[in-house]
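A.B. asks: Chain order of the listed sequences is A and B. Quick note on the working numbering: the first sequence kicks off at 4 and runs consecutively. Quick note on the working numbering: the second sequence kicks off at 645 and runs consecutively.
Honestly, the hints are just simulated from the structure, not real lab data. Any given hint might turn out to be false.
With the Cβ distance kept under 10 Å, some of the chain B side facing chain A (calculated, not the full set) [what the hints assert, rightly or not]:
no., residue
1, G674
2, Y698
3, Q705
4, G709
5, A711
6, A755
Among chain B residues calculated to face chain A with C-beta under 8 Å, some are [unchecked claim]:
no., residue
7, S671
8, W672
9, S920
It should be emphasised that the depicted structure is a prediction, and the values quoted were computed from it without experimental measurement. Backbone N, C-alpha and C define an ideal beta-carbon position, used for all residues, glycine too.
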Amino acid sequence: MSVQTAARPSSSSAGTSSQPKIRTPRLRFPRAARSRRSRRSLALTLLMGLVLLYSLAPLFWLLVNATKTQDGLLNSFGLWFDGDFALWDNIARTATYDGGIFLRWFANTVLYVVLGAGGATFLAVLGGYALAKFDFPGRKAVFAVVIGAVAIPGTALAVPTFLMFSQMGLTNTPWAVIIPSLISPFGLYLMWTFATEAIPTEIMESARIDGASEARTFFQVCLPLLTPGIVTVLLFTMVATWNNYFLPLIMLKNPDWYPLTLGLNAWNAQAGTAGGEAIFNLVITGSLLTILPLIAAFLLLQRYWQSGLSAGSVKE
Amino acid sequence: MTSPQVAARAGAAAPAARTSRRASRRSWAGWWFIGPFMAVFAVVFLAPIAYSIYLSVFRNQLIGGTAFVGLDNYARALGDPQFWSALGRVSLFLAVQVPVMLMIALVVALALDSGRLYGKSFFRISIFLPYAVPAVVATLMWGFMYGTRFGLVGNINQAFGLNLPSPLSSELVLASIGNIVTWEFIGYNMLIFYSALTVIPKSLYEAAEIDGAGQLRVIAAIKLPAIRGAIVVANIFSVIGSFQLFNEPSILKSLSPNTISTYFTPNLYAFSLSFSGQQYNYSATVAIIMGLITMAIAYAVQVRGMRKER
């Protein structure tokens, strides 16, 4: 697909409509005051509908199949509901299977997210604020080192981190997952660009003149201005920690400390082991339960994180 | 406000532009704030990198423990057909998947920004949602759909009497992984492009309108150049992501053990070397080589992207 093919329907409909010609030039543009309805393009909407379908169909598949029994999974059409509606039964079995280990994994994931993503956001907010609003020795070096480190592949870090942590006796404990989660270079970057826009330097100057300490200036004057940026960074670090798979895979052997991602994969792999029970219906229901909290967070907080992402978009 | 900087637009040019707007006093006060980040960063990034380099110049021998071998591990990797096959596979993946994904994301972002879509915010949030799905869940989900047991391909074959090839066959499995990754990240990249598009000053569109420019011309002459920084950033993230491909193939492996080898991608190879083979030193070497290649290509993308700007 190319830019031209997607854009053509919209431009041709603009050409056939006589309405824009009547208006003054000022009003002919996106987001301008003139009537929006007449400019909407059905063809473009339908074309984008294909991408929408692609994005949502697998989620629909997950929802549909979470309502099926193991038997129904094998014997009914994948994209529609089966005769028996087993969703509640599946949820109950997911929660109780193997002594309720799924709930334990859920609690672990929440723990990793609260400490890992919460801590990562805190560090990124402090650091981003420093990069945006202070001129300190070594500032350029900080930037170069952080950006360079992002390109290092996970395994290049994972193997030595695993060996280091294992010498310190941290592997197979929650700390092995939480400590590396505390660093989010992307969060630092987002916060940096956001703080640059959101905090007028004059406000900081006047707080200082009034005798406020640096800490007080930050917490009482600047922090409230940073709220949309903080929500955005928190959501992205939450996703990263909630969805983390590689790090816990390496660090944890004891299933009692698994996060959901690792647990689900273990359930899935169970079918392939000798004498293992196939529990695909539980894998699917568990997957649905795993993604619901994040989807809810994105939907509920969308106003905040979208404004946080396009920091400068409110100004012309 | 004079400089419309947004996360995705800032790119590499941002730090210099910002200096003049900061408080002019140069002091150590900033370290109170960046200090905690850098301290943890040193523990979880810098120390492991240093240790990795240290590991890569040693070899663990059956007799006599570890011995310093200089660059021998690097020489071994450069002559290792499994490493080359893994590198070739992710390079092919990169060359096909990244352009397809970014092109779709760009078209969606431009469509959202054009204001010509019915139900714009529904589109925006829905197309973004797959990003919230863990790679594990995404891969299990697509893996089941690909599968012949209760997968859609099996359903279609049954319903229409067709004989579609399995997406998990060795010919198609790389494309199938590409589809999963594309599904996961179209929305994320769309958001990077879209947030860059929203900060373009409206006065530019007005000027173009007065000059009689059409929609396509506005896209080509104003929108695309204005979001070049965002496009470069998205490309760099995608290059890094492709070279680090691990989760999708490693999870798909349990559904399709025969088509995905232990050296399917360089990351999978490094992982298998250390955690199944106990070859920590060689594994560190493979990972470092991949890190260097990734950095070199990310750097090249950035230089190329920024040079065009002038």
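A.B. asks: Each hint needs a verdict: does it hold in this structure or not?
C.D. replies: Here's how the hints hold up against the structure:
A least Cβ separation of about 3 Å between G674 of chain B and chain A falls short of the 10 Å threshold, and the interface hint therefore holds. At a threshold of 10 Å, the smallest CB-CB gap from Y698 of chain B to chain A is about 8 Å, leaving the interface hint in force. Because the smallest distance between the Cβ of Q705 of chain B and any Cβ of chain A comes to about 18 Å, over 10 Å, the interface hint for this residue is violated. Taking 10 Å as the C-beta contact cut-off toward chain A, the hint placing G709 of chain B at the interface is violated, the least distance being around 15 Å.
Using the Cβ-Cβ criterion of 10 Å, the hint placing A711 of chain B at the interface with chain A is not satisfied: the shortest such distance is roughly 18 Å. At its closest, the beta carbon of A755 of chain B sits 5 Å from a beta carbon of chain A; the interface hint therefore holds under the 10 Å criterion. Because the smallest distance between the Cβ of S671 of chain B and any Cβ of chain A comes to about 6 Å, under 8 Å, the interface hint for this residue holds. Hint on W672 of chain B holds. Least Cβ distance to chain A is approximately 6 Å, under the 8 Å limit.
With 8 Å as the threshold, the beta carbon of S920 of chain B stays out of range of chain A, its nearest partner Cβ sitting at about 12 Å, so the hint is violated.
Checked against the numbered hints given earlier, this structure breaks hints 3, 4, 5 and 9; the rest are met.
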